[in-house]
Amino acid sequence: MVDSTVNYSYHAISNSEDEMTKSELIRRAGGVVKLAALLRVTSQAVSKWPDEAVPELRLYQLRDLHPEWFEVDAPRPDVHPSTVHAAH
Numbered sequence: 001m002v003d004s005t006v007n008y009s010y011h012a013i014s015n016s017e018d019e020m021t022k023s024e025l026i027r028r029a030g031g032v033v034k035l036a037a038l039l040r041v042t043s044q045a046v047s048k049w050p051d052e053a054v055p056e057l058r059l060y061q062l063r064d065l066h067p068e069w070f071e072v073d074a075p076r077p078d079v080h081p082s083t084v085h086a087a088h
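Quick note: the sequence shown, position 14, residue 14 per our numbering, numbers continuous.
The hints are simulated quantities; they were obtained by calculation from the structure and are not laboratory data.
Quantities reported herein were computed from a predicted structural model and do not represent experimental measurements.
Certain hints may be false.
Said to hold, decoys possible - Subject to a maximum C-alpha distance of 25 angstroms in a straight line, what follows is the list of computed SDA-like cross-link-like pairs (lysine to any residue): (1) K34 - E19; (2) K34 - Q44; (3) K34 - D51.
Construct the complete structure from the given sequences, taking the supplied hints into account.
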């Protein structure tokens, strides 16, 4: 059950190179299940993120875990799979 008193902030899509979409994060993690494991949430929780929005606090968490994903010239894991790290 979602606490209706909590204001959940979602990251809106823009053209800025430092912003990530849900699809891009899923691709970099190697799938929804792996992204969920990194964040220590269920894959259902990730699937419930609206459209391409990412909760702001999850972006902070992912920047801390994988700062290389947020670099302008970050390697794509679908092209360079060795850059994806295992969940902690």
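Here is how each hint holds up against the structure:
1. K34 - E19: holds (20 angstroms)
2. K34 - Q44: Answer holds: K34 to Q44 is near 12 angstroms, not above 25 angstroms.
3. K34 - D51: holds (19 angstroms)
Going down the numbered hints, you'll see the structure goes against none, and every one checks out.
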